[in-house]
Amino acid sequence: MSSWRPPQPMGYLDSIQAVGGFAAPLLAGASFTLAVLALQSPQPPAVPYSRWPDAALVCFVLAGLAQIATVQATAWTRRYMCTPEELGQWYPEHVTNEQPSTWLRNVQESHLRQALRWADATRLFFHCGVLALLLGVVVACVPDGEIGPGRWAVLAVGGAGVVGELSWLVRAIFLSAALRRQVWLNAGVLLAAAGAVASAVWAGEGWALRTALALLLVLVAMMYTRLARRGTPSPAPRRSLLSRAGHLAAAVGALVGAAVLAVWGWPVVVACALLPVTAVAFADLVRLVREQRALRAGT
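For the sequence shown, this note's numbering begins at 1 and goes up steadily by one.
Wrong hints could be hidden among the right ones.
[Said to hold, decoys possible] Just the calculated beta-carbon pair ranges, DEER-fashion: (1) Gly11 / Gly148: 44 to 52 Å; (2) Ala172 / Ile147: 32 to 40 Å; (3) Val252 / Ala23: 58 to 66 Å.
Hints listed in this document are in silico derivations from the structure and should not be mistaken for laboratory results. Beta carbons: idealized from backbone N, C-alpha and C, even for Gly.
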C-alpha cells in the first residue's frame, strides 16, 4: 500500500480556479474595452491621444486573448482535479484502511500531473495577459508631442507596474534563486534587443537612447564572449544554440547590431544582426524552464 500524493503548494489548484473563474473574465472585458477605445483614436490632421495608438491596440488585444486562454486553461485544470475522498467514493474496492492501492495512487498521480500542467499554463496566460494590459496602458500614455513632467510620472508608475508584474511571474515560476538570476539576465538581453530594434525604427529621435542601447549591446557581446570561452553548458548538447558556436554568433551579432544602431540606425539590419542574440537568450530560457520542472518533479 502507498499514500496519496498531495499537490505542492497545497492550495495551488484552488487558487488557479479563483484566477480563471473571476479575475480573468474581468480583465478580458477591460482589455477589449480599451481596444475599442484605441480604435477610436483621432485620425490626422487631428492630434491623436497617443504617439503609438496601433501599438497600444495590439497590446490590448493580446491582453484580452491571453485572458480568454486563461479561462479555457482553467476549465481544463478543473477537468483533472479530484480529491482522495472522491476517488475513495468512486473506487471503494481499491482503498484499504484509508490507504489507496497502487493502481488508484497511479490514477491520482496521473490526474494531478495533468491538473498541474494546465494550472501552470493558466498562470502563464494570466500573467502574460496582465503584462500586455499594463504595457498597453504605458504605450497609450505616451503623448504625440513633448512629454511633460506630469506625464513622465505617469509613465514611471506604469513602468513600475510592468516590472512588478514581470517580477511576480518570474518568482512564481522559478523557485530557485540561482535560476531566477539567470532568467533576469536573459530577460534583460531580450529587452535590450527589442529596445534596439524599436529605437532603430524611430531613428529620427532619441539619439541618446540609441547610443545607450548600443553600449548595452556591447556589454551583451562581452557576456556571450565570456560564455563562449567557458564552453557548452552540461545540460545542453554541443549542437544546440547554447554551444560555444551559438554564443560566439550571439556575440558577433550583438557587436554588429550595436555598430549599425549607433552609426546608421538601419532597423532591418539591426533586427537581422540581433537574431542570434534573441535565439540564444530564448533557448536559455527554455533550458531554465526545463531545469525548474526537473527540480519540481524531484529528479
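Hints versus structure:
no.: 1; hint: Gly11 / Gly148: 44 to 52 Å; in the structure: 46 Å, holds
no.: 2; hint: Ala172 / Ile147: 32 to 40 Å; in the structure: 33 Å, holds
no.: 3; hint: Val252 / Ala23: 58 to 66 Å; in the structure: 45 Å, violated
When held up to the earlier numbered hints, the structure conflicts with hint 3 and nothing else.
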